[in-house]
Amino acid sequence: QNGTYHGQKVINGRNCDVWDISHSLVPFDPRPFITFYDDAATGAMVREVFFVGVTDDVVELEPGNLGTDEFYQLPADCFKDNVEMLSEAEMRNLYFNKLAGLSSTLMV
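Sequence positions in the sequence shown follow the numbering used here and run 1 to 108.
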């Protein structure tokens, strides 16, 4: 509701309607707060992508089926021994450099 429709795209083998919902919370950021994908046939949520790049895919779990090890595998960067901390200025520069490199096409 109150979103901007961007047509259809196939996500995880499902034909989806693509919607931008709300404006970014960050001033001067052209990206929507969230891009929402719903199944074109059923309206069921398939994926959501937040402006910070976090992607959530909806998965269906079946009783008695635990899924594959790959399904539960944590991303490799969770196992890093060293963590790099950035200053506020470094984070701001990183954010604006990434923002400057965005194109006007739908990003996912």
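Some hints could be false.
[Said to hold, decoys possible] For each label pair, taking beta carbons as the anchor points, the in silico distance ranges come out as:
(1) ALA89 - GLY13: 26 to 34 Å
(2) ALA40 - GLU62: 22 to 30 Å
(3) ASP57 - PHE33: 31 to 39 Å
(4) ASN93 - TYR5: 29 to 37 Å
Hints listed in this document are in silico derivations from the structure and should not be mistaken for laboratory results.
A quick note: this is a predicted structure, and the numbers were derived from the prediction, not measured.
Glycine is no exception: its CB is placed at the ideal position from the N, C-alpha and C atoms.
Fill in: Hint check against the structure, violated hint numbers in rising order
1 and 3
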